[in-house]
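Take the given structure of chain A and dock chain B to it, following the hints.
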Amino acid sequence: MKHSLVRLLVSLLSTSFMLGNAQNFQVKTGATAEIRIEHGGLGTPATITVTTDPPLQGELTVNAHHRDGEAERVMIRPSREAGIHVFETSFDERGEWGLWLRYGSGIDLYGDYLVFNVSDRAVDRVHASTFEGVLAADVPAYVQPLGYAVFGLLLVLSLGTITWTLRWFARQKGDYSQAI
Amino acid sequence: MDGTLNRTQTESKTNKDLWSLGTLPILALGTFSGVLGVYWDIAWHTDIGRDSFFSPPHNFIYGSMLIVFLMGIYTLLRDRRNTSFHLQIGRSSLQPGIVIVALGSALTFMFAPADDLWHRLFGTEVTLWAPMHLVGLLGLTTACLGGLITSRIEGQLAARNRKRLFSWLSVFFASMLLAYFMLFLAEYEFGYPVYGVWLGVALLLSLPTFVLAMMAKLKPVPWSATLTALGFTAFRLLLAAWLMTTDSVFGWAGATRPMIPVLFLAGLAADILVKRGANAVILGSVLGLFSFFSNWLLLSVTGTLNWYPAALALGVPVGLALSVVTAYLGVSVAGALEPPAQEEQGLST
Numbered sequence: 000m001k002h003s004l005v006r007l008l009v010s011l012l013s014t015s016f017m018l019g020n021a022q023n024f025q026v027k028t029g030a031t032a033e034i035r036i037e038h039g040g041l042g043t044p045a046t047i048t049v050t051t052d053p054p055l056q057g058e059l060t061v062n063a064h065h066r067d068g069e070a071e072r073v074m075i076r077p078s079r080e081a082g083i084h085v086f087e088t089s090f091d092e093r094g095e096w097g098l099w100l101r102y103g104s105g106i107d108l109y110g111d112y113l114v115f116n117v118s119d120r121a122v123d124r125v126h127a128s129t130f131e132g133v134l135a136a137d138v139p140a141y142v143q144p145l146g147y148a149v150f151g152l153l154l155v156l157s158l159g160t161i162t163w164t165l166r167w168f169a170r171q172k173g174d175y176s177q178a179i
Numbered sequence: 000m001d002g003t004l005n006r007t008q009t010e011s012k013t014n015k016d017l018w019s020l021g022t023l024p025i026l027a028l029g030t031f032s033g034v035l036g037v038y039w040d041i042a043w044h045t046d047i048g049r050d051s052f053f054s055p056p057h058n059f060i061y062g063s064m065l066i067v068f069l070m071g072i073y074t075l076l077r078d079r080r081n082t083s084f085h086l087q088i089g090r091s092s093l094q095p096g097i098v099i100v101a102l103g104s105a106l107t108f109m110f111a112p113a114d115d116l117w118h119r120l121f122g123t124e125v126t127l128w129a130p131m132h133l134v135g136l137l138g139l140t141t142a143c144l145g146g147l148i149t150s151r152i153e154g155q156l157a158a159r160n161r162k163r164l165f166s167w168l169s170v171f172f173a174s175m176l177l178a179y180f181m182l183f184l185a186e187y188e189f190g191y192p193v194y195g196v197w198l199g200v201a202l203l204l205s206l207p208t209f210v211l212a213m214m215a216k217l218k219p220v221p222w223s224a225t226l227t228a229l230g231f232t233a234f235r236l237l238l239a240a241w242l243m244t245t246d247s248v249f250g251w252a253g254a255t256r257p258m259i260p261v262l263f264l265a266g267l268a269a270d271i272l273v274k275r276g277a278n279a280v281i282l283g284s285v286l287g288l289f290s291f292f293s294n295w296l297l298l299s300v301t302g303t304l305n306w307y308p309a310a311l312a313l314g315v316p317v318g319l320a321l322s323v324v325t326a327y328l329g330v331s332v333a334g335a336l337e338p339p340a341q342e343e344q345g346l347s348t
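So the protein sequences, as listed, match chains A and B.
Residue numbers in the first sequence follow numbering that gives the first Met the number 0, run continuously in steps of one, and reach 179 at the last position.
Residue numbers in the second sequence follow numbering that gives the first Met the number 0, run continuously in steps of one, and reach 348 at the last position.
One chain only, chain A, in its complex shape (with noise of 0.2 Å):
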């Protein structure tokens, strides 16, 4: 009894902890990002500033990577201020670099895909582009969180067919060393 109160007590707290993201994973989309690089040529300190609008909390993810060679540096940092995510890199490789952006679940991923060139000297300095966070703005905010009420109450389920399983195991083994 206790037991059966304390899973349904995990279940419905999960399944609330998901029903309460809800409105997060609407209002991730459709924001746009703003992205200024600032570097002064081929292995210098570089400043990757990114704001987005409507201003975005948390971790932002920039993935700047050369388009031809094994370089890549993946950063993750918090806003200093609403919007506002400053990352500090360098660019160690000549030629053509590639950047995009993540924020928050997989179906906020910016889809647009910012190019930019890197050389001995520092010939572009900023680099502007607006990522368009657009994926997934149609579907109703109530899938996610069924889904993972879902998934809630079959973790729940399997979680219990194991512990039954490996308290009659323990049991049954307790019977047989006092038959023996």
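It cannot be assumed that every hint is accurate.
[What the hints assert, rightly or not] Far from chain A by the CB rule (all over 12 Å, computed), these chain B residues:
1) F59
2) M131
3) G138
4) L144
5) G145
6) W241
[Claimed, not checked] Some chain A residues judged to face chain B by a derived CB distance under 8 Å, without partners named:
7) V61
8) R76
9) E80
10) G82
11) I83
12) F86
13) S89
14) G97
15) R101
16) V138
17) L165
18) K172
Because the hints were derived from the structure by calculation, they are not lab data.
Idealized CB from N, CA, C, for every residue including glycine.
Below, chain B alone, put in the same frame as chain A:
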């Protein structure tokens, strides 16, 4: 008394255990293929996209789980032994580990259409922690745990000269189970997590602890937790070789490869601490710290460290607390699975 059940005690109607029946080799191959397929699938999504539901990694995962499921059903029908460790349901006598395997594998491939629906709704870039992915991972992990439970039960039913085989099988399934647990961190390993850094840190500290504490306590062979961690590392190196091959030879993704977590030191610490009678609080705390520092060193050396102070301030204490909980759970599960003769020498929780 070594906990062995002889033929008379078990009232066996057949001499075949589940290794001889072919079940455990298939389960071992299936659990190996399942986790390899998921990592390959993530690399495929990154390098190629989601071109079709019937992509090679998907076929690999769902094909292996279908075979595991069919083998589970075949075993439940074919295994006619009637021991005190078999569930009696009506006229059927079911090996409980196989029941869990069948449930887990069924869960994985029955939810494949739901996964496809999710991708149609939310596009290619659905997170690994999307609900239907989590259902699939739950099924795979459950099936693998079922394999471990099956090995333990078969080990107790086996004659003395067969026990060693099932002990090593337990280590294999534990290594795979560790791989499945770490799979939940795959987005962090690939370098594009969609949830907070603090959560990745907390899970890195706590997820390995369950399996390592369980194996250190269960001790099917000497230094079991260390060997489990080494088995995990060997698997991940094989996975890296697979991805390099599929990328360079077939052009089937694999250019994007995950970081391999360092868990060897935590495994070694688990064996030593359990041998010295440490309780779950000490065990969980120390294993969590070993997982943290060894991987911090790895990420620092490779220049891929993204842990910032605010994330650590939340992730480390939460991870240590969770690690104590998972250590307690691991030791408790080991208590249920260890042979009767060892039970009284158990670790206090």
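Evaluated hints:
Non-interface call for F59 (chain B) relative to chain A: holds, since the shortest CB-CB distance, roughly 22 Å, exceeds 12 Å. Some Cβ of chain A comes within 12 Å of the Cβ of M131 (chain B); the nearest lies about 6 Å off, and the non-interface call is violated. Residue-level check failed: G138 (chain B) sits 8 Å from the nearest beta carbon of chain A, not beyond 12 Å. Not every beta carbon of chain A lies more than 12 Å from that of L144 (chain B), the smallest distance being close to 7 Å; the non-interface claim is violated.
With a cut of 12 Å on Cβ distances, G145 (chain B) falls inside the contact zone with chain A, its closest approach being about 8 Å. The Cβ of W241 (chain B) sits about 20 Å from the closest Cβ of chain A, beyond the 12 Å cut-off, so the non-interface label holds. Taken as an interface hint, V61 (chain A) does not check out: its beta carbon lies about 10 Å from the nearest beta carbon of chain B, beyond 8 Å. At a threshold of 8 Å, the smallest CB-CB gap from R76 (chain A) to chain B is about 7 Å, leaving the interface hint in force.
Taken as an interface hint, E80 (chain A) does not check out: its beta carbon lies about 14 Å from the nearest beta carbon of chain B, beyond 8 Å. The beta carbon of G82 (chain A) comes no nearer than 17 Å to any beta carbon in chain B, farther than 8 Å, and the hint placing it at the interface is violated. Annotation: I83 (chain A) was flagged as interfacial toward chain B, and the flag is violated, the nearest CB pair being 15 Å apart, outside 8 Å. Contact between F86 (chain A) and chain B, as hinted, is not supported at the beta carbon level, the nearest pair being about 10 Å apart and thus beyond 8 Å.
Taking 8 Å as the C-beta contact cut-off toward chain B, the hint placing S89 (chain A) at the interface is violated, the least distance being around 11 Å. Checking G97 (chain A) against chain B by beta carbon gives a least distance of about 13 Å; that is not within 8 Å, so the hint is violated. Given the 8 Å rule on beta carbons, the hint for R101 (chain A) holds: about 6 Å separates it from the nearest Cβ of chain B. Interface hint at V138 (chain A): satisfied, since its Cβ lies 5 Å from the closest Cβ of chain B, which is below the 8 Å cut-off.
About 4 Å separates the beta-carbon of L165 (chain A) from the nearest beta-carbon of chain B, less than 8 Å, and the hint is met. A cut of 8 Å between beta carbons decides the hint on K172 (chain A): the least distance to chain B is about 5 Å, and the hint holds.
The structure fails hints 2, 3, 4, 5, 7, 9, 10, 11, 12, 13, 14 (numbered hints given earlier, in ascending order).
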